[in-house]
Structures are given as C-alpha cells and as structure tokens.
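There are 2 protein chains.
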Amino acid sequence: MIALVERIRAEGINLGDGILKVDSIINHQLDPGLMLGMGAAFTQCFAGARIDRILTAEISGIAPALMTGIEMNVPVVYARKRKPITMSGPVFLETAPSHTKGGETLLLVSAEFIHAGENILIIDDFLATGKTLLALARIVASAGANLVGVGVIVEKTFEGGRAAVQERFDIPIHALATISSMEGDSIVVS
Amino acid sequence: MIALVERIRAEGINLGDGILKVDSIINHQLDPGLMLGMGAAFTQCFAGARIDRILTAEISGIAPALMTGIEMNVPVVYARKRKPITMSGPVFLETAPSHTKGGETLLLVSAEFIHAGENILIIDDFLATGKTLLALARIVASAGANLVGVGVIVEKTFEGGRAAVQERFDIPIHALATISSMEGDSIVVS
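Residue numbers (this note's numbering), protein chains in the order written: chain A, 1 to 190; chain B, 191 to 380.
Keep in mind that the hints were calculated from the coordinates and are not lab data. Here a beta-carbon is modelled for each residue, glycine too, at the ideal position from N, C-alpha and C. Please note that a few of the clues may not be correct.
[To be verified] Beta-carbon label-pair distances, calculated as ranges:
id : chain 1 : residue 1 : chain 2 : residue 2 : range
1  : A       : 168       : B       : 360       : 55 to 65 angstroms
2  : A       : 44        : B       : 360       : 26 to 36 angstroms
3  : A       : 13        : B       : 307       : 39 to 49 angstroms
[Unchecked claim] Heads up, incomplete: computed chain B residues facing chain A, CB under 8 angstroms, no partners named:
id : residue
4  : 209
5  : 227
6  : 265
7  : 268
8  : 274
9  : 336
10 : 338
Work out the full structure, taking the sequences as your base and the hints as a guide.
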C-alpha cells in the first residue's frame with residue numbers, strides 16, 4: 001500500500017531493538033484517509049474468501065480491523081487484554097509474550113462472539129514474532145472456527161513471524177507494508 | 191439514534207451498580223452498520239462546528255471516534271492509558287478515577303498530536319460521572335486547544351456527568367442513547 005509505505009518512510013522512527021515508532025499513523029493518532037485505504041486494501045487482499053467475522057486484539061488492532069469490517073460488512077471482535085467488569089460467561093483465553101511491554105499478554109474473547117464453523121479473518125497492526133497472532137489463531141481454533149487468513153498493517157520480516165504462524169496454520173498472510181531491515185537508524189520499508 | 195437504542199434494549203444487560211453490559215455492540219464486538227451510523231450521527235450533531243481533531247480515550251472510545259473522524263475527515267487521537275514503549279517526548283498527562291475498574295486511570299496524549307488553537311471534539315463510549323471526559327477536556331485545555339463539544343454513545347443521566355462537565359466547560363454534549371434509570375434489572379433507554 002503505497003500511501004502507507006510513504007508515511008512510514010516520512011514519519012516512522014527506528015527506536016532500536018526492532019521497535020518502530022509509528023504513533024502518528026497507527027498507535028496514537030489515526031489518519032482517516034489512510035485508515036480507509038487500509039480497510040480497502042485488506043478487503044482486496046482477501047477478496048476471494050468468505051469471511052464471517054474479523055478478530056483482532058486491543059488496542060492498536062481495533063482501527064484497522066474496524067475499517068476492514070466496515071468495508072466487508074462483517075462484525076469485528078477485539079480480544080480484550082484485561083477482563084472488563086462487563087465480561088461474564090465463558091471466554092476463550094490465550095497468552096502471548098509481549099514484544100514491547102515485557103511479560104505475558106492475556107487475550108480474552110467471549111464465547112458469545114466467536115462460533116464453530118465461522119470463517120474468521122485476523123487483522124492486527126504488527127506481525128513481528130507472530131506470538132500475538134498465534135494466540136489469536138489458537139482462539140479461533142479453540143472455538144472450532146476456521147481461520148481464513150491474517151492481515152497486518154506492518155510486517156517486520158526479520159523477526160520470523162510469518163514462518164512461525166504458517167508452520168502452525170496453513171493460511172495466507174498479507175502485510176500492507178513490509179520492513180526488511182532496521183539496522184542502525186534506518187528503516188527499509190516497501 | 192434509533193438503531194442504537196433498539197440494540198441496547200435488545201442486547202444490553204444491567205449488571206447492577208449502574209454497570210451496563212453492551213459487549214455485543216460497543217465494548218467487545220463492533221457492528222459495521224451501527225458503527226457507520228454512529229459516525230454519521232455524531233457528524234450531524236456537530237454539523238455547525240469547525241473541528242480540527244477528534245480526541246478519545248483507549249479502548250472503547252477508539253471505534254466511535256474513528257468512525258466520526260472518517261465521516262468528518264479529520265485525524266483522531268486516542269489517549270493512551272499506559273505509556274507505550276514508543277511514546278517519547280513530552281506528553282499531556284491527566285488522571286481520572288476509573289468507574290468500572292477501580293483505582294486511577296492515566297490518560298496520556300503526546301504533545302505532538304494536539305496543538306494550541308485547534309478545535310477539538312471529544313468522542314467517547316460512555317458519559318457516566320464525567321470523570322474521564324473531564325480528564326480529556328483538561329488535556330485539551332492544557333494544550334491551549336479549544337474544546338468544541340463532547341459526543342458519547344451512551345449517557346447515564348443518573349450519574350450526573352453532564353452537569354459535572356458543563357460546570358467546568360461551556361460546551362454542547364450530545365449522546366446517541368440516554369439511559370435514565372437502571373433500577374433492578376431494568377434499563378430505561380431512549
């Protein structure tokens with residue numbers, strides 16, 4: 001997605017240790033034109049698939065997942081990372097080591113909102129090591145639903161997440177921007 | 191907003207102590223048609239105002255704020271509740287007592303993403319006691335920006351938040367659904 005790649009080139013900051021600061025377009029501020037473009041781009045990537053529901057993880061996955069849900073006209077569910085007081089009844093629960101926060105991240109999805117036999121598309125902001133996406137994919141599998149694909153805004157290819165996900169789940173993965181190197185201060189993105 | 195009121199009547203659950211469970215439409219699952227309607231409704235509510243930016247708070251404010259930002263074609267900023275590793279530089283910081291989680295909630299907005307003189311619209315999911323909205327409004331004031339209004343999906347009138355906000359900020363407040371009572375198991379919504 002050219003507009004996204006250009007924005008990352010212009011505004012992305014390499015904070016070292018593979019940490020990419022893209023607060024101005026993904027993690028803190030959202031640009032309406034860019035977000036609409038992401039929804040359209042993900043929809044095009046998965047145009048051949050029947051999709052019943054989109055699954056993402058709070059917090060930064062919500063915006064791209066919602067834009068895709070709007071474009072595809074399907075409901076969006078965001079996994080919660082802490083149990084809200086309003087979450088009652090059975091939940092699917094997985095954990096993933098947190099890449100940027102340290103420790104373990106909890107992912108909770110109410111059994112009300114994901115059902116056996118549904119075709120699920122996972123959308124998230126980053127594909128790095130793939131640990132969060134794998135945890136979401138395990139929730140899909142636990143529910144007896146079918147994972148039809150994964151779409152991410154940014155893939156960092158040097159962290160090996162794509163292979164880690166595809167080793168376990170035979171599904172297409174699409175990234176709207178691909179970062180192949182973050183050596184020194186540079187960001188190599190296409 | 192009739193479609194929203196009908197969904198709250200059909201799916202909202204009164205958990206007691208003024209806690210409304212609307213996970214199926216606001217806090218966990220998002221319905222594309224309903225979300226589009228919210229964006230359009232907020233845009234209509236504030237049709238006369240020049241708005242440069244929408245401010246909300248993660249997590250459940252993101253979806254309605256984004257839909258409104260899309261409809262108005264203005265950027266959306268969501269206050270973070272925990273400092274992400276990518277947040278560097280000066281931030282506006284306020285705290286609000288958490289209604290549903292207990293304790294204090296931190297609200298952080300990078301000084302990069304809110305500027306003096308801008309006209310800011312705050313969008314959030316709930317108006318209850320108004321504490322979170324007041325914290326967001328204080329961030330707007332600290333930045334030297336102008337608060338032009340507040341839009342919420344659901345107002346619980348019996349918690350007095352509207353008066354608390356308007357006592358401090360002379361601005362219009364619009365709610366897409368109004369809950370006037372949650373006695374026993376009932377939810378009185380219009």
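Against the structure, the hints come out as follows:
no.: 1; hint: A:168 x B:360: 55 to 65 angstroms; result: holds (56 angstroms)
no.: 2; hint: A:44 x B:360: 26 to 36 angstroms; result: violated (46 angstroms)
no.: 3; hint: A:13 x B:307: 39 to 49 angstroms; result: violated (26 angstroms)
no.: 4; hint: 209; result: holds (6 angstroms)
no.: 5; hint: 227; result: violated (11 angstroms)
no.: 6; hint: 265; result: holds (6 angstroms)
no.: 7; hint: 268; result: holds (7 angstroms)
no.: 8; hint: 274; result: holds (6 angstroms)
no.: 9; hint: 336; result: violated (18 angstroms)
no.: 10; hint: 338; result: violated (18 angstroms)
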